Amino acid sequence: MSWLKVTPAENVPLREGRSVCIGRREIAIFHLTDGFKAIDNRCPHNLGPLCDGITKGTTVVCPLHGWNINLENGKVLKPDVPVGVTTYPVRVIEGIVEIQLPEMKEAVA
Amino acid sequence: MKPRKAKKPHLVLVGNGMAGIACLEQILRYGDMFDITIFGDETHVNYSRILLSNVLAGVHGFDDITLNPLEWYRERNISLRLGVRITGVDPVAHTISGDDGAVTSYDKLLIATGSHPFVPPVPGLEKKGVCAWRTLDDTQRLLEWSAPGKHAIVLGGGLLGLEAARGLQVQGCEVTVIHLLDTLMNRQLDSTGGHYVQRKMENLGITVRTKCTVRAIHGKERVESVELNTGKILPADFVVVAAGILPNAELGRMAGLEVKRGIVVNDFLETSNPDIFAVGECVEHRGMTYGLVAPLIEQGKVLAATITGNKGPTYEGSSTATKLKVAGVEVFSAGVIEETEAGLDIVRYEDPGLGIYKKLVLKGGQMVGAILVGDTSESGRYMEWIRSKEDLTAKRRNLLIPEPPKDPGASIAEMSDSEVVCGCMGVSKGTIITAIHDRGICTLSQLKEATRASAGCGSCAGTCTALLAAVAPGFEPDVKQVLCSCVPFPEEQLREMVHTQQIRSVQQVLDIYGNGTGCEKCRPALSYMVDMVWCGEHEEDRSSRFINDRVHANIQKDGTFSVVPRMRGGVTSPAELRRIAEVAEKYNVPLVKVTGSQRLDLLGVKKQDLPGIWADLGMPSGQAYAKGVRMVKTCVGSEFCRFGTQDAISTGVELEKRLENLFTPHKTKLAVVGCPRNCAEATVKDIGLVGQEGSWQVVVGGAAGKSVRKADVLVTVASTEEALESAELFFQYYREHANYLERTYDFVERTGMDKIRRETVYAVPEARAGLLDRLRKAKSASYDAWLEREQPKTATQFVQIQPMEAPEEVSYR
Numbered sequence: 001m002s003w004l005k006v007t008p009a010e011n012v013p014l015r016e017g018r019s020v021c022i023g024r025r026e027i028a029i030f031h032l033t034d035g036f037k038a039i040d041n042r043c044p045h046n047l048g049p050l051c052d053g054i055t056k057g058t059t060v061v062c063p064l065h066g067w068n069i070n071l072e073n074g075k076v077l078k079p080d081v082p083v084g085v086t087t088y089p090v091r092v093i094e095g096i097v098e099i100q101l102p103e104m105k106e107a108v109a
Numbered sequence: 001m002k003p004r005k006a007k008k009p010h011l012v013l014v015g016n017g018m019a020g021i022a023c024l025e026q027i028l029r030y031g032d033m034f035d036i037t038i039f040g041d042e043t044h045v046n047y048s049r050i051l052l053s054n055v056l057a058g059v060h061g062f063d064d065i066t067l068n069p070l071e072w073y074r075e076r077n078i079s080l081r082l083g084v085r086i087t088g089v090d091p092v093a094h095t096i097s098g099d100d101g102a103v104t105s106y107d108k109l110l111i112a113t114g115s116h117p118f119v120p121p122v123p124g125l126e127k128k129g130v131c132a133w134r135t136l137d138d139t140q141r142l143l144e145w146s147a148p149g150k151h152a153i154v155l156g157g158g159l160l161g162l163e164a165a166r167g168l169q170v171q172g173c174e175v176t177v178i179h180l181l182d183t184l185m186n187r188q189l190d191s192t193g194g195h196y197v198q199r200k201m202e203n204l205g206i207t208v209r210t211k212c213t214v215r216a217i218h219g220k221e222r223v224e225s226v227e228l229n230t231g232k233i234l235p236a237d238f239v240v241v242a243a244g245i246l247p248n249a250e251l252g253r254m255a256g257l258e259v260k261r262g263i264v265v266n267d268f269l270e271t272s273n274p275d276i277f278a279v280g281e282c283v284e285h286r287g288m289t290y291g292l293v294a295p296l297i298e299q300g301k302v303l304a305a306t307i308t309g310n311k312g313p314t315y316e317g318s319s320t321a322t323k324l325k326v327a328g329v330e331v332f333s334a335g336v337i338e339e340t341e342a343g344l345d346i347v348r349y350e351d352p353g354l355g356i357y358k359k360l361v362l363k364g365g366q367m368v369g370a371i372l373v374g375d376t377s378e379s380g381r382y383m384e385w386i387r388s389k390e391d392l393t394a395k396r397r398n399l400l401i402p403e404p405p406k407d408p409g410a411s412i413a414e415m416s417d418s419e420v421v422c423g424c425m426g427v428s429k430g431t432i433i434t435a436i437h438d439r440g441i442c443t444l445s446q447l448k449e450a451t452r453a454s455a456g457c458g459s460c461a462g463t464c465t466a467l468l469a470a471v472a473p474g475f476e477p478d479v480k481q482v483l484c485s486c487v488p489f490p491e492e493q494l495r496e497m498v499h500t501q502q503i504r505s506v507q508q509v510l511d512i513y514g515n516g517t518g519c520e521k522c523r524p525a526l527s528y529m530v531d532m533v534w535c536g537e538h539e540e541d542r543s544s545r546f547i548n549d550r551v552h553a554n555i556q557k558d559g560t561f562s563v564v565p566r567m568r569g570g571v572t573s574p575a576e577l578r579r580i581a582e583v584a585e586k587y588n589v590p591l592v593k594v595t596g597s598q599r600l601d602l603l604g605v606k607k608q609d610l611p612g613i614w615a616d617l618g619m620p621s622g623q624a625y626a627k628g629v630r631m632v633k634t635c636v637g638s639e640f641c642r643f644g645t646q647d648a649i650s651t652g653v654e655l656e657k658r659l660e661n662l663f664t665p666h667k668t669k670l671a672v673v674g675c676p677r678n679c680a681e682a683t684v685k686d687i688g689l690v691g692q693e694g695s696w697q698v699v700v701g702g703a704a705g706k707s708v709r710k711a712d713v714l715v716t717v718a719s720t721e722e723a724l725e726s727a728e729l730f731f732q733y734y735r736e737h738a739n740y741l742e743r744t745y746d747f748v749e750r751t752g753m754d755k756i757r758r759e760t761v762y763a764v765p766e767a768r769a770g771l772l773d774r775l776r777k778a779k780s781a782s783y784d785a786w787l788e789r790e791q792p793k794t795a796t797q798f799v800q801i802q803p804m805e806a807p808e809e810v811s812y813r
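Residue numbers (full-length UniProt numbering), protein chains in the order written: chain P, 1 to 109; chain Z, 1 to 813.
Derived by calculation from the structure, the hints in this document are not laboratory data.
Quick caveat: nothing in here was measured; it's all calculated off a predicted structure.
Check before you lean on any hint, since a few could be wrong.
[Claimed, not checked] In silico DSSO-like cross-links for lysine-lysine, where the CA-CA straight-line distance does not exceed 30 Å:
#, chain 1, residue 1, chain 2, residue 2
1, Z, Lys232, Z, Lys128
2, P, Lys78, Z, Lys606
3, P, Lys5, Z, Lys606
4, P, Lys56, Z, Lys793
5, P, Lys78, Z, Lys667
6, Z, Lys395, P, Lys75
7, Z, Lys301, Z, Lys448
8, P, Lys78, Z, Lys557
9, Z, Lys260, Z, Lys311
10, Z, Lys521, P, Lys75
11, Z, Lys127, Z, Lys150
12, P, Lys56, Z, Lys325
13, P, Lys78, Z, Lys521
14, Z, Lys448, P, Lys78
15, P, Lys5, Z, Lys793
16, Z, Lys232, P, Lys56
17, P, Lys56, Z, Lys301
18, Z, Lys557, P, Lys56
19, Z, Lys7, Z, Lys232
20, Z, Lys606, P, Lys75
21, Z, Lys667, P, Lys56
22, P, Lys75, Z, Lys557
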């Protein structure tokens, strides 16, 4: 699995999120006080754009109906439902945000 | 000497502070056995000394920290003598004498004289502008001296020094803390913990100099600078001495008692004289002196038993556990904190990014000490483990992992009855529950009065409330609603604090008064508050704004946005309509709709198209997405309508121009109608102007939404200008006094129309001018949000990020 360069870190303001399309995925990148996080940009409830949510600590609150999603593991914290959102490893190398995608076999089809 | 006719023995208490009064409260529980006289050298009734730091930081007023008001003394027939210092004692004659010359005889003498600040020997300390920090008067003096930009030097980086530094920093001073040792709060923390606290202080803008002393204080009459041992000179407007405390044992010496560091007492709190007792910071017990509240309370209980002839309970020393919030940092420290002996296991956890440090000290499977910085949520559990000496072998793997609460009441239910809820006053869970049952207590304030729980630093108020909710059948939550558990203060108080403490960013409010994180509820509320108070002279933090206020459009269910240009009074022109039509076609806008507010809505717009659409429209934002001024709806009015009595359109357009682009606690809808037929529904708007023959009726607090409410009449005035001004007065009053997300219809019901009229349209001219001035200031700082298309707040405010690299598999395109 390789790392993909996404964008200079300053393009994502502190405590905010921005979306980016990579292949078929739309991913929300967040800049938290303790680092960057990446997660699919779709709330499991009604597909709300998570990148537009307000963050609190390592949680994002979906702007549509207020679902709380943990950005570190994709778990839905509120309401109590056993669903989750895919998260991706992120790192910042020389000021560039990089993310790691799983093998994308499906994309070739 | 006052003649006394009663036969009861005369108990004289020297010292009107927390320790003496707490002991007296315990004595009174044994019955009305004494005639009581209290001498205090301060001129105030008993107040919580712990909360002086909050007074300095502006969180509490002087009145808020009173523990025993004058009535308390009066109701108990206590003779209270304030402002008198006791300067002599004759143990043989059983008399004491004060600096007012009066001599008072006693049967039992209780010394609770507390302590005084330790002042290091530095040349220049006598200059004006040097103050030790100990009393309410000291606090008042520091508040008078401090002002934005003043240079304050704090001597001492212990608990007291850091509290002083934080308070002064909040007052806007440039603060430098000078500390002798390498570790801040070295009595409570190890060097790592001290550095965590130091980093936090520095993040708040406080300069910290450790391993450093002051060689001299310079200045003519007043302090001008301080010279460090390194030779460096720092500018100084004033100097606060907070280098520690020493017991006030002088009276003990004069009475011929055994005195070492403090007045020596035994386990019954008896001194070497059978009629003299001592309690609090002035005593030394088993070689220890104490400077925290909890030990004094424990001592007081024992002494009360001794002095009332119920001798039996003993005081065996206090564990020196401390839990406090210093400069916004939570700190807990208990027991053994350094590796002072062999055989200790240290368990550590650190997260420098979050400023969290935890250190647990174990010995043979038992916990003997702990330090927590930045997160003290588990302190109750650790304290209980240290106290109970429980064998933790089975729990060793999970010591640092909090047990998740199974249900909200579980953590309360799991507490043992002996567990101390209020560390300051030493009140256990069992005591609280007994009080609730026996006295039918329903509110936190009743509980506070009955048991003293939460009367100290107040950090246990949440637990006390949870106990009340779980146990009291008639539980009533405190009337003061707090904004959010992240910043647990009523909004009214927060507004005051933001104003007086010159706080200009959301993050600063959260750092100083909250949990540092905030949430989606309090962050937007604080954003509004900071903006409303400072009118643009603040640090705008878009991460605290709802997405609508980041991109100035209303988010829809599919993540697209709606665009509503401003159309003042519902009046448009062929040219505008043409541009709207062209924009709708050019950007393939899926739906164009006439709104209920006499305007046009373009729905289904992508975020990245917003700047282009706004530019092509060439119209200002209608703020249809904001907690702000929406529209002024108008009827045709006297210009065209044959029934019209007033010019509704031009008045409505003028009103909209005066208020547009301003933000409000919740959305604000307005309307102006030319006659009482009310075609534009002004009587169900937040603010409405209703034209009549020769006058305007100004109505407020109407609603036609989830609830329907007919607006109340604010005032009836003759001229259009007066009508507009009345609307402005109410509008600004609502902006300043309503809670966030409180619509006018809830606000007027909560506040009452009488009060609103009294403080707006019927207020004295200066008050009215004040409201209008602040409105003008806010207005001049406001701007059309859609102009951010030309100067975006951040480069990526509206655009989607384009990845620098694409994955190899994108060949499917």
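query: What hint numbers does the structure not satisfy?
result: When the structure is compared with the hints, numbers 14, 16, 17 and 19 turn out to be violated.
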